[in-house]
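Go ahead and model the full structure; you've got the sequences and the hints to work with.
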Amino acid sequence: MVKSDFGYNSKVEGEVIVTRADAVVNWVRSNSVWPMPMGLACCAIELMAAGGSRFDISRFGMEVMRFSPRQADCMIVAGTVTYKMAEVVRRIYDQMAEPKWVVAMGACASTGGMYRSYATLQGVDNIVPVDIYISGCPPRPEALLDGMMLLQEKIRQEGGSLRRTFRGRTVETKIVS
Amino acid sequence: MDAAALTSRFPATQDLAGKDMPTFRVAGTDLLAVVSALRDEQGFDLLADLCGLELQGRPVRFGVVIHLLSTTHKEYVRLHVDAVNDRVPSVSALHPGANWHEREAFDMFGIVFEGHPDPRRILMWDSYPYHPLRKDFPLAGIEVPFPAADVAEVTGQKVEPAPMMGGPFVSHGGKLSEGEPSALDQSWTEEKPKA
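Chains as they are written, first to last, in this note's numbering: chain L, 1 to 177; chain A, 1001 to 1195.
Derived by calculation from the structure, the hints in this document are not laboratory data.
Just so you know, not all the hints are guaranteed correct.
[As the list claims (entries may be wrong)] Here are the in silico distance ranges between beta carbons for each label pair:
{"#": "1", "chain 1": "L", "residue 1": "G61", "chain 2": "A", "residue 2": "D1045", "range": "35 to 45 angstroms"}
{"#": "2", "chain 1": "L", "residue 1": "R70", "chain 2": "A", "residue 2": "R1120", "range": "28 to 38 angstroms"}
{"#": "3", "chain 1": "L", "residue 1": "V88", "chain 2": "A", "residue 2": "R1087", "range": "32 to 42 angstroms"}
{"#": "4", "chain 1": "L", "residue 1": "K154", "chain 2": "A", "residue 2": "L1046", "range": "26 to 36 angstroms"}
{"#": "5", "chain 1": "A", "residue 1": "V1060", "chain 2": "L", "residue 2": "C42", "range": "34 to 44 angstroms"}
{"#": "6", "chain 1": "A", "residue 1": "P1117", "chain 2": "L", "residue 2": "P129", "range": "57 to 67 angstroms"}
{"#": "7", "chain 1": "A", "residue 1": "K1019", "chain 2": "L", "residue 2": "Q71", "range": "57 to 67 angstroms"}
{"#": "8", "chain 1": "A", "residue 1": "D1020", "chain 2": "L", "residue 2": "C42", "range": "47 to 57 angstroms"}
{"#": "9", "chain 1": "L", "residue 1": "E142", "chain 2": "A", "residue 2": "K1158", "range": "31 to 41 angstroms"}
{"#": "10", "chain 1": "A", "residue 1": "L1139", "chain 2": "L", "residue 2": "D56", "range": "38 to 48 angstroms"}
{"#": "11", "chain 1": "L", "residue 1": "Q157", "chain 2": "A", "residue 2": "K1158", "range": "28 to 38 angstroms"}
For glycine and all other residues, C-beta sits at the position ideal for the given N, C-alpha and C.
Right, dumping it as structure tokens:
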């Protein structure tokens, strides 16, 4: 949580903490990111390593990998997205409940990478709005962790509504509480 | 491997004197009989590979190469079949393992395998109109509609030719080049030309 988001002085306020609803909601969301591993190629191996004990993604509060889009709020696209698979990626993204974020892991998911070919979608941002791009081919698990922590930083700075632009249109998600 | 028995029984079969393994050019009309004779009489009981190929400069544009392995004699044999009118009989009734290989050869080259039990594409989606491994197909691809109409409507995405960025990337012939394979046209890079 950003320091200025809440003020607490135990001498003045006793047991009461004053803050903003956005800050609390964002704090909760950013520390319980449930990723959906969209493993499509070798990046998925590094994604698995990030979940293992050496790198241990759970230190940062996002270890609950869910293979069902309905139970996840962050899709990690790890690997080459072919045009045939792009349809599936988009449908799984559509099935995820709002609020949701997308991480493009590695060169292929970000831009098509070395696959300048008839079969490969040139970047998953052509079909879903991407929040974080991670470079590398494949990225080291540390790079993934760094990207996920950047995503947490981004979530903490979001306003009361999730406003994002995708292909010139604004998509807005309201917080219902 | 009894080559004489094969060529005498099937006169259209030509021994190509392969350097690494016995190699034969088989007529498409003979293919099923040859493969089943090799399987039942000479012990070639495993289909190791089946692939399509395009040969430029020959009267028949496409062909199919089949590698058979004998698990008893530890021996390979290679069969080459010309796809006359882009058609070859399917061997998947004799070797079920040929099923997906033939689907791939159909997908990539457009070779039709007559008698195939499930003649669909296997790599590209069903409505894709081209056969991408043909020599006249550009590596970057050709614009076609996105496979799913509803996703295309939401995203405005099409199947577009990939930006080749000065490619395709080639290594210079002759001696081993010191650099990595690079594009002939390097104008897209940010690197400043060396003085």
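Going through the hints against the structure:
no., hint, verdict
1, L:G61 / A:D1045: 35 to 45 angstroms, "violated, 56 angstroms"
2, L:R70 / A:R1120: 28 to 38 angstroms, "holds, 31 angstroms"
3, L:V88 / A:R1087: 32 to 42 angstroms, "holds, 33 angstroms"
4, L:K154 / A:L1046: 26 to 36 angstroms, "violated, 55 angstroms"
5, A:V1060 / L:C42: 34 to 44 angstroms, "holds, 39 angstroms"
6, A:P1117 / L:P129: 57 to 67 angstroms, "violated, 43 angstroms"
7, A:K1019 / L:Q71: 57 to 67 angstroms, "holds, 58 angstroms"
8, A:D1020 / L:C42: 47 to 57 angstroms, "violated, 32 angstroms"
9, L:E142 / A:K1158: 31 to 41 angstroms, "holds, 37 angstroms"
10, A:L1139 / L:D56: 38 to 48 angstroms, "holds, 41 angstroms"
11, L:Q157 / A:K1158: 28 to 38 angstroms, "holds, 34 angstroms"
Consistency note: the structure conflicts with the earlier hints numbered 1, 4, 6, 8.
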